[in-house]
Amino acid sequence: MKTKSVLLAALLCLFAGARVCAQDTIRMTVTPQVIDIGAFYNGTTITATGTVPADSLVIVRFLGDSCDLHMKQKGKLFGIMWMNLDSLIFKGVPSVCIVSSAQDFDQLANQAGTEASAIASLRLSSIKQNTRIESNGNNQAEAFEELIKLKSHEGLYLETSGNISYGEAAEGQKSFRADIPIPSRLAPGSYVVELAAVSGGEIVVRSEQPVTVNLVGFPALLSRLAFGHAALYGILATVIALLAGLAIGMVFDSKGAH
Amino acid sequence: MSIPLHLYLPIAGNSVNLLAILGLGGAVGLLSGIFGVGGGFLMTPLLIMLGIPPTVAAASDSNQIVGASTSGTLAHFRLGNVDFRMGWLLLIGGVIGGTAGVQIIKILRQLGNADFLITVTYVLMLGIIGSYMFTESLQAMRKQKTETTAPNKRESIYTRMTRSLPWQMEFKRSGVRLSILMPLVLGVLVGVLAAIMGVGGGFIMVPVMVYLLRMPMHVVVGTSLFQILFTCINVTIMQAWENHTVDFILALLLLLGSSVGAQVGARVGRKLHGEQLKILLASLVLVVMFKMLHELLARPDVLLAYMGGH
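Protein sequences appear in the order of chains B and D. Under this note's numbering, the final residue of the first sequence carries the number 258; numbering is consecutive throughout. Under this note's numbering, the final residue of the second sequence carries the number 310; numbering is consecutive throughout.
It should be emphasised that the hints constitute simulated quantities derived from the structure, not laboratory data. In this text, a Cβ means the ideal position worked out from N, Cα and C, and glycines have one as well. Mixed in with the good hints there might be a few duds.
[To be verified] Chain D regions said to be covered by chain B (calculated; three or more residues, Cβ under 8 angstroms): (1) 57–71; (2) 86–94; (3) 227–239; (4) 248–254; (5) 293–302.
[What the hints assert, rightly or not] Only pairs whose alpha carbons sit at most 25 angstroms apart, straight line, appear in this in silico PhoX-like list of lysine-lysine: (6) B:K74 x B:K174; (7) D:K291 x B:K74; (8) D:K106 x B:K72.
[Stated by the list, open to error] Some chain D residues judged to face chain B by a derived CB distance under 10 angstroms, without partners named: (9) H6; (10) Y8; (11) P10; (12) I11; (13) N17; (14) L19; (15) L22.
Between the sequences and the hints, there should be enough to build the whole structure, so can you do that?
Structure follows, in C-alpha cells:
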C-alpha cells in the first residue's frame with residue numbers, strides 16, 4: 001500500500017512537472033501594453049511576439065471585458081412589417097473580440113483535422129458557450145448569430161488571418177509575431193491579449209497579457225466633464241453652439257453675401 | 001507633415017473622418033436653411049451609418065441644430081422673415097405638447113407595440129402632408145401661369161371658424177390676424193406628435209404654419225428655425241444631463257458644416273418662389289416617407305437593435 005502511494009505521488013509529480021514544462025514552452029510579449037486614446041486616435045496595432053512549441057498553431061485573441069447587452073430583436077408584424085418585437089439580454093458578452101490566425105480559419109477547419117475542434121473553441125462562434133440569453137421570444141439561436149453580425153458590423157468582432165508569422169523552428173520551439181488590428185471604436189478599460197497554442201487536437205498552452213486603454217488629453221477632459229458635471233457640460237455645449245452659430249452668421253453678414 | 005483627417009469622439013467612443021462630418025453637416029444645413037427644418041430626420045441615420053451610436057447621434061444632432069438654427073434664424077431675421085410673436089406662441093404650445101407627449105409615449109410603451117404605432121403614424125403623416133403639399137403647390141404653380149379668373153371671394157368654413165375664435169391678434173410679419181389660441185393649440189399638437197415620434201417637429205410645424213396659420217412660406221421658414229432653436233436647446237441640456245449622450249466635438253464639427261450650409265440655404269431659399277419651396281419640401285417629405293416605408297417592408301441586414309436606439 002505504501003509502495004502504491006509513493007508511486008502515485010511520483011506520477012503526480014511527473015504530471016505536474018510536464019505541465020510546468022508546457023507552461024515554460026510559451027513566452028509572449030505584448031507592445032504596447034497601454035493604448036492612449038488622444039484626439040487623433042483612429043485605431044492602432046498591437047504586436048504580440050514570443051515562442052511556442054514548434055509543432056503548434058498559434059491563435060491570438062484581443063478580448064474586452066464581459067458585459068450585458070440589452071437589445072431588441074426584429075421580427076415581422078402581421079407578416080408584413082419589420083419591427084422591434086422581442087426584448088433580449090445577452091449576459092457575459094465580450095465587448096471586443098479580435099481573433100487572429102496565420103491561416104484562413106475556414107481553411108484551417110478543413111485541413112487541421114483533429115485541431116478543428118480546438119480551433120473552433122477559439123473562434124467568434126465559441127462566445128456562445130459563455131453567453132447567456134434572457135429573452136421573451138423563442139429565436140435564441142438566431143439571436144446569437146445576429147449579435148455576431150451586429151458586432152462584426154461595428155468592427156468590434158473580427159476573425160482575421162495572415163497577420164501572424166512564424167520564425168524558424170529550433171530546439172522544439174518556434175518564434176511568432178502577431179500584429180493585431182485594434183478598432184477605432186474602442187472604449188477605455190481593461191483588455192487582454194490571449195495566446196493559445198493548438199497541437200494534437202487540443203489547446204496545449206495558453207498565455208494572457210493585460211492591455212489598458214486610457215483616454216488622454218482633450219478626449220479625457222471632455223469625458224470627465226460630460227460624465228462628472230453633466231448639467232454644466234450640457235449648458236456649455238448649448239452656449240458654445242449658440243455663439244458659434246451667431247459668429248458664423250455675423251461672418252456671412254459682414255461679407256455682405258446677399 | 002500630414003494633416004490628421006480623423007478625430008476621436010470620446011462620448012461616441014469612435015473616431016470619425018473630419019471631411020465626412022463637415023460635408024454631412026454642410027449638406028443637411030443647406031436643407032435646413034432652405035426649408036426651415038432641423039434636418040434630424042436625415043442627419044441621425046447618416047451619423048449611425050458612419051459608426052456613431054444611435055442615442056449619441058440623435059442627441060449630438062440636437063446640439064448642432066442649436067448652432068445651425070441660430071445661424072439660420074439670424075440670416076432669416078435680417079431678411080425680415082422671422083415672426084417672433086407667432087414663434088413664441090408656437091414654442092409655448094410646443095413645450096406643453098412635448099411634455100405631454102413624453103408621458104403619452106410612456107403609456108404607449110407600457111401598452112406594447114408602441115414602436116409599430118409610432119412608425120405607422122409617422123409614415124402616414126409624412127405621406128398625407130407630402131402628397132397634399134405637392135399637389136397643392138403644383139396646382140398653385142399652374143394657376144399662376146394661367147391666371148385669368150377672378151379670385152373666389154367666398155370664405156371657407158375653416159376661415160369663418162378661425163375668425164370666430166376669441167383673443168384675435170395681429171401678426172404683422174406674417175400678415176395674418178388670428179386668435180392666439182390657434183398657434184398655442186397647434187403648437188401643443190405638434191409638440192405631442194414630435195415627442196411621440198422622437199423628432200424636432202419641423203416637418204410637421206412647417207405645413208401647419210403654411211396651411212392652418214396661413215403664413216407666407218418665407219416667414220414660415222424663419223419662424224420655424226426660431227422655434228426649433230429653443231426646442232433643441234431644451235433637448236441638448238436634458239440629454240447631456242440625464243443620458244450623457246451629447247458628443248460636443250461631433251456637434252461642433254457638424255455645426256461648422258451646417259451653419260455655413262444654413263446661410264447658403266437661406267439665400268438659395270430667397271431666390272425660390274414660395275410654391276417652388278413648398279414643392280421641393282413636399283418632395284423631400286415624400287422621399288423620407290418612402291425610405292421609412294422601405295425600412296418597414298424590407299428585411300433588415302441585422303435583426304438586432306440596441307435598446308434606446310432608433
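Against the structure, the hints come out as follows:
1. 57–71: Holds, because 8 residues of the segment 57–71 of chain D bring their Cβ atoms closer than 8 angstroms to Cβ atoms of chain B.
2. 86–94: Since 0 is below three, the answer is violated.
3. 227–239: holds (count 5)
4. 248–254: holds (count 4)
5. 293–302: Contact hint for the segment 293–302 of chain D vs chain B: holds, 8 residues under 8 angstroms.
6. B:K74 x B:K174: Violated, at about 48 angstroms.
7. D:K291 x B:K74: holds (18 angstroms)
8. D:K106 x B:K72: holds (17 angstroms)
9. H6: Hint on H6 (chain D): holds, closest Cβ of chain B at ~4 angstroms, below 10 angstroms.
10. Y8: holds (4 angstroms)
11. P10: Interface hint status for P10 (chain D): holds (4 angstroms vs cutoff 10 angstroms).
12. I11: holds (6 angstroms)
13. N17: holds (9 angstroms)
14. L19: violated (13 angstroms)
15. L22: violated (13 angstroms)
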